[in-house]
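Fit chain S to the supplied structure of chain V, relying on the hints for placement.
Just so you know, the sequences run in chain order V and S. Sequential numbering of the first sequence, starting at 1, is according to the working numbering. Sequential numbering of the second sequence, starting at 1, is according to the working numbering.
In case anyone wonders, no lab produced these hints; they're calculated from the structure. Do not take every clue at face value.
[Claimed, not checked] One side only, chain V facing chain S, incomplete, derived with CB under 10 Å:
no., residue
1, Thr51
2, Met58
3, Ser79
4, Arg153
[Said to hold, decoys possible] Only pairs whose alpha carbons sit at most 30 Å apart, straight line, appear in this in silico BS3-like list of lysine-lysine:
no., chain 1, residue 1, chain 2, residue 2
5, S, Lys99, V, Lys99
6, S, Lys196, S, Lys259
7, V, Lys288, V, Lys158
8, V, Lys21, V, Lys104
9, S, Lys177, S, Lys266
10, S, Lys104, V, Lys87
11, V, Lys99, S, Lys177
12, S, Lys104, S, Lys186
13, V, Lys186, V, Lys87
14, V, Lys21, V, Lys99
15, S, Lys87, S, Lys158
16, S, Lys259, S, Lys186
17, S, Lys21, S, Lys158
18, V, Lys177, V, Lys158
19, S, Lys323, S, Lys266
20, S, Lys87, V, Lys87
21, V, Lys21, S, Lys87
22, V, Lys158, S, Lys21
23, V, Lys266, V, Lys186
24, S, Lys99, V, Lys177
25, S, Lys104, S, Lys21
26, V, Lys259, V, Lys196
27, S, Lys158, V, Lys21
28, V, Lys288, V, Lys87
[Claimed, not checked] From chain S, some residues computed to sit far from chain V (all C-beta separations above 10 Å):
no., residue
29, Phe30
30, Pro65
31, Ala66
32, Lys84
33, Asp108
34, Ile184
35, Gly200
36, Ala217
37, Ser287
38, Pro320
Beta carbons: idealized from backbone N, C-alpha and C, even for Gly.
The residues making up each chain are set out below.
Protein chains: 2
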Amino acid sequence: MAKARAEIQSGEDRLIARYFKPLARHPGAFGLEDDAAILSPPAGHEVVLKTDAIVGGMHFFPNDPAAAVARKALRVNLSDLAAKGAKPAGFLLSLILPKSVSGKWIADFARGLGADAERYNCPLMGGDTDRTNGPVTISIAAFGTLPAGTMVRRSGAKVGDRVVVSGTIGDAALGLKLRQAPAIAKHWNLDAAMRKHLLGRYLVPEPRNALAEALRAHASAAMDVSDGLAGDLAKLCRASGVAAEINAARVPLSPAARKALLAGGKLIETILTGGDDYEIVATVAPSKVLSLMAAARAAGVAFCEIGVVRPGQGAQFRTPSGKALSFARPSFSHF
Amino acid sequence: MAKARAEIQSGEDRLIARYFKPLARHPGAFGLEDDAAILSPPAGHEVVLKTDAIVGGMHFFPNDPAAAVARKALRVNLSDLAAKGAKPAGFLLSLILPKSVSGKWIADFARGLGADAERYNCPLMGGDTDRTNGPVTISIAAFGTLPAGTMVRRSGAKVGDRVVVSGTIGDAALGLKLRQAPAIAKHWNLDAAMRKHLLGRYLVPEPRNALAEALRAHASAAMDVSDGLAGDLAKLCRASGVAAEINAARVPLSPAARKALLAGGKLIETILTGGDDYEIVATVAPSKVLSLMAAARAAGVAFCEIGVVRPGQGAQFRTPSGKALSFARPSFSHF
Numbered sequence: 001m002a003k004a005r006a007e008i009q010s011g012e013d014r015l016i017a018r019y020f021k022p023l024a025r026h027p028g029a030f031g032l033e034d035d036a037a038i039l040s041p042p043a044g045h046e047v048v049l050k051t052d053a054i055v056g057g058m059h060f061f062p063n064d065p066a067a068a069v070a071r072k073a074l075r076v077n078l079s080d081l082a083a084k085g086a087k088p089a090g091f092l093l094s095l096i097l098p099k100s101v102s103g104k105w106i107a108d109f110a111r112g113l114g115a116d117a118e119r120y121n122c123p124l125m126g127g128d129t130d131r132t133n134g135p136v137t138i139s140i141a142a143f144g145t146l147p148a149g150t151m152v153r154r155s156g157a158k159v160g161d162r163v164v165v166s167g168t169i170g171d172a173a174l175g176l177k178l179r180q181a182p183a184i185a186k187h188w189n190l191d192a193a194m195r196k197h198l199l200g201r202y203l204v205p206e207p208r209n210a211l212a213e214a215l216r217a218h219a220s221a222a223m224d225v226s227d228g229l230a231g232d233l234a235k236l237c238r239a240s241g242v243a244a245e246i247n248a249a250r251v252p253l254s255p256a257a258r259k260a261l262l263a264g265g266k267l268i269e270t271i272l273t274g275g276d277d278y279e280i281v282a283t284v285a286p287s288k289v290l291s292l293m294a295a296a297r298a299a300g301v302a303f304c305e306i307g308v309v310r311p312g313q314g315a316q317f318r319t320p321s322g323k324a325l326s327f328a329r330p331s332f333s334h335f
Numbered sequence: 001m002a003k004a005r006a007e008i009q010s011g012e013d014r015l016i017a018r019y020f021k022p023l024a025r026h027p028g029a030f031g032l033e034d035d036a037a038i039l040s041p042p043a044g045h046e047v048v049l050k051t052d053a054i055v056g057g058m059h060f061f062p063n064d065p066a067a068a069v070a071r072k073a074l075r076v077n078l079s080d081l082a083a084k085g086a087k088p089a090g091f092l093l094s095l096i097l098p099k100s101v102s103g104k105w106i107a108d109f110a111r112g113l114g115a116d117a118e119r120y121n122c123p124l125m126g127g128d129t130d131r132t133n134g135p136v137t138i139s140i141a142a143f144g145t146l147p148a149g150t151m152v153r154r155s156g157a158k159v160g161d162r163v164v165v166s167g168t169i170g171d172a173a174l175g176l177k178l179r180q181a182p183a184i185a186k187h188w189n190l191d192a193a194m195r196k197h198l199l200g201r202y203l204v205p206e207p208r209n210a211l212a213e214a215l216r217a218h219a220s221a222a223m224d225v226s227d228g229l230a231g232d233l234a235k236l237c238r239a240s241g242v243a244a245e246i247n248a249a250r251v252p253l254s255p256a257a258r259k260a261l262l263a264g265g266k267l268i269e270t271i272l273t274g275g276d277d278y279e280i281v282a283t284v285a286p287s288k289v290l291s292l293m294a295a296a297r298a299a300g301v302a303f304c305e306i307g308v309v310r311p312g313q314g315a316q317f318r319t320p321s322g323k324a325l326s327f328a329r330p331s332f333s334h335f
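Just chain V, same shape as in the assembly:
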């Protein structure tokens, strides 16, 4: 319980003023010079609240670039706002650092965070810095707004709806395997660009905030895919009281994931259950599928139809020949 102390303008004050105040452009952040921030949703709108933390050695590697760590910390939260159809409004940061972290690391972290705060129009509104004897730990609470009553829930899927998923699935889980055992790239017959693609998808997710409006306009249910498509879709089905039947061959894969899959091994399970995708899985009435896909394309993201909602429970993935896939562990969990 050692307590470091400092002069009137403490070390913490200086750290915040130097690195984080430039990111606090929201008027309700008061330049980080008050105890709390103010968020005023537009009339008729609600605030969507989400928190997610990332921990060194668990969600990122201790030697990941600080800017990438910052971007991952913010983006895993932005991904949830996207899936719920909310427009980012701002975020609070808890930054918990061991003494070993350098000033350069903090500067790089703030730079990465600032770049994404600007890119996603989601300014820093406040925060807290603390010491730990453990690993770098970053907890972010992110806020979005949307017209009252329009949040896209997990629980709205209806029998007959189509199941769609954004982007490509499995890249980050394969990227993590590559990171843990780089020699596997040769075994998977990956070229340098494919290797880089998979590693990059693990290092920094690409949240689909461009899809938020299209989801609100079309989807009956949605969630972001963070713990694996199979397990997350099963959660959506449970919340909606339905089942989903998925054609595994239609799950969208990147060229790199396709090549790794062809090399054999049991990578289909890694792809469908490994997690860290930060894509969006949604259900949509058949009459709205084409319109959703057009809106997504206009927003620069592909949606792919992969299956259908049925009565029952669970998410069943089948091969083109109709064989049901079974997974040892359908969903990622730390516990």
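Positioned in the frame of chain V, the structure of chain S alone reads:
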């Protein structure tokens, strides 16, 4: 980067359903069964946002009772909402646990958290559980509401205003010293009740949420005292562009703190700069002092007038004879 995995209803899902779902009584929490929560401030109101984390070995002792740790984690955030004049609306929890933490610890933590969520009418709205190789780490983001434009800022103090402080100052800092070196109680001539009082004030703060409305109605500026009265008041002065002159003899002390102070040593610095008070320091126009004190008394909390706002900068503490106190380290900082 070991990844534990589990069946469809993962260990994390079960942990949340068992211990935390019962705390999520806010309709916008959706029983913790969606990806995000919804907060709808009343018409004409704004949302006040605050985050603060506590870390094992830094803000609490590893052997502190889990229920007390939970209450501290929530209360340090509630204290900021109180100082800003906001009514608690709900909170998000990031709970980051090493593997060594038992199911009983988590159950006790949830019980303590639930008791305070109910006591302060501040329900759990969502959260995130993660593993760490480091200490127990809890980050909470708390939300309050208030009529638009009425947040009590740090920056509103005016020359001539009186400086007031709630409750008693220094107890928690003395409690920490006692916790670190229990034999000191004898040296300070404390009886068992006094010892217990100081230890308790460090273990679990008493946020002054009962004062929120009185502050909005009367105070020109306010903040909660978490890093020591001397340093925090200096911050308020800096934000307001003024100075404060404080009669150190009028700073309210508990009988235990008074007795410890009489025993000698340099405890006045510990009392005025040690932090963890979670009291409120505010400035108020002279014409409103009596009305503020009456409102505070009606809310069950004492406010004490300790000084006056002057032109200049800094917070100056003087003895009754007029001697200025100087502190080696006026404000607590982890950095």
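Here's how the hints hold up against the structure:
Residue-level restraint check for Thr51/V holds (minimum Cβ-Cβ distance to chain S is 4 Å; threshold 10 Å). Checking Met58/V against chain S by beta carbon gives a least distance of about 5 Å; that is within 10 Å, so the hint holds. Checking Ser79/V against chain S by beta carbon gives a least distance of about 9 Å; that is within 10 Å, so the hint holds. Satisfaction of the interface hint for Arg153/V is found here, the shortest Cβ-Cβ separation to chain S being roughly 6 Å, below the 10 Å cut-off.
Annotation: proposed proximity of Lys99/S to Lys99/V holds, straight-line Cα distance about 23 Å (limit 30 Å). As the CA atoms of Lys196/S and Lys259/S are separated by approximately 14 Å, the hinted pair is consistent with the 30 Å bound. Distance check on the hinted pair: Lys288/V and Lys158/V sit about 13 Å apart at the alpha-carbon level, within 30 Å; holds. With a CA separation close to 17 Å, the supplied pair Lys21/V and Lys104/V stays within the 30 Å bound.
Distance restraint check for Lys177/S and Lys266/S: the Cα-Cα separation of roughly 13 Å lies within the 30 Å cut-off, and the hinted pair is therefore satisfied. With a C-alpha separation of about 39 Å, the suggested pairing of Lys104/S with Lys87/V is violated against the 30 Å cut-off. With a CA separation close to 23 Å, the supplied pair Lys99/V and Lys177/S stays within the 30 Å bound. Taken as a hint, the Lys104/S and Lys186/S pair is broken in the structure, with Cα atoms around 35 Å apart against an allowance of 30 Å.
At roughly 42 Å between alpha-carbon atoms, Lys186/V and Lys87/V are farther apart than 30 Å, so this suggested pair is violated. Annotation: proposed proximity of Lys21/V to Lys99/V holds, straight-line Cα distance about 22 Å (limit 30 Å). With a C-alpha separation of about 25 Å, the suggested pairing of Lys87/S with Lys158/S holds against the 30 Å cut-off. Using a Cα cut-off of 30 Å, the hinted pair Lys259/S and Lys186/S holds, with the two alpha carbons roughly 11 Å apart.
For the proposed pair Lys21/S and Lys158/S, the alpha carbon gap of about 46 Å is over 30 Å, so the pair is violated. Taken as a hint, the Lys177/V and Lys158/V pair is broken in the structure, with Cα atoms around 36 Å apart against an allowance of 30 Å. A distance of roughly 16 Å separates the Cα atoms of Lys323/S and Lys266/S; the hinted pair therefore holds under the 30 Å criterion. Distance check on the hinted pair: Lys87/S and Lys87/V sit about 25 Å apart at the alpha-carbon level, within 30 Å; holds.
Distance check on the hinted pair: Lys21/V and Lys87/S sit about 27 Å apart at the alpha-carbon level, within 30 Å; holds. Restraint check for Lys158/V and Lys21/S: satisfied, since their Cα atoms lie roughly 25 Å apart, inside the 30 Å limit. Restraint check: the Cα-Cα separation between Lys266/V and Lys186/V comes to about 16 Å, which is no more than 30 Å; the hinted pair holds. Among the hinted pairs, Lys99/S with Lys177/V is consistent with the structure: their alpha-carbon atoms are about 23 Å apart, no more than 30 Å.
A hinted pair counts as satisfied when its Cα atoms are at most 30 Å apart, and Lys104/S with Lys21/S qualifies at roughly 17 Å. Restraint check for Lys259/V and Lys196/V: satisfied, since their Cα atoms lie roughly 14 Å apart, inside the 30 Å limit. At most 30 Å may separate the alpha-carbon atoms for a hinted pair to count; Lys158/S and Lys21/V meet this at roughly 25 Å. Pair hint Lys288/V plus Lys87/V holds up; C-alpha atoms about 22 Å apart against a cutoff of 30 Å.
Annotated as non-interface, Phe30/S brings its C-beta within 10 Å of a C-beta of chain V; the closest such distance is 7 Å. The beta carbon of Pro65/S is kept farther than 10 Å from every beta carbon of chain V, the shortest such distance being approximately 16 Å. With a least CB separation of 17 Å from chain V, Ala66/S remains clear of the 10 Å interface cut-off, as annotated. Listed as outside the interface, Lys84/S is inconsistent with that label: its C-beta sits roughly 5 Å from the nearest C-beta of chain V, within the 10 Å cut-off.
Under the 10 Å C-beta cut-off, the non-interface status given to Asp108/S relative to chain V holds; the minimum distance is some 17 Å. Interface exclusion of Ile184/S from chain V stands, the closest Cβ pair being 15 Å apart, more than 10 Å. With a minimum CB-CB distance of about 17 Å to chain V, Gly200/S clears the 10 Å threshold, and the non-interface call stands. Residue-level check passed: Ala217/S sits 18 Å from the nearest beta carbon of chain V, beyond 10 Å.
Distance to chain V confirms Ser287/S as a non-interface residue, since its nearest Cβ pair spans about 25 Å, more than 10 Å. Taking the minimum C-beta to C-beta distance to chain V, about 24 Å, the non-interface status of Pro320/S holds against the 10 Å cut.
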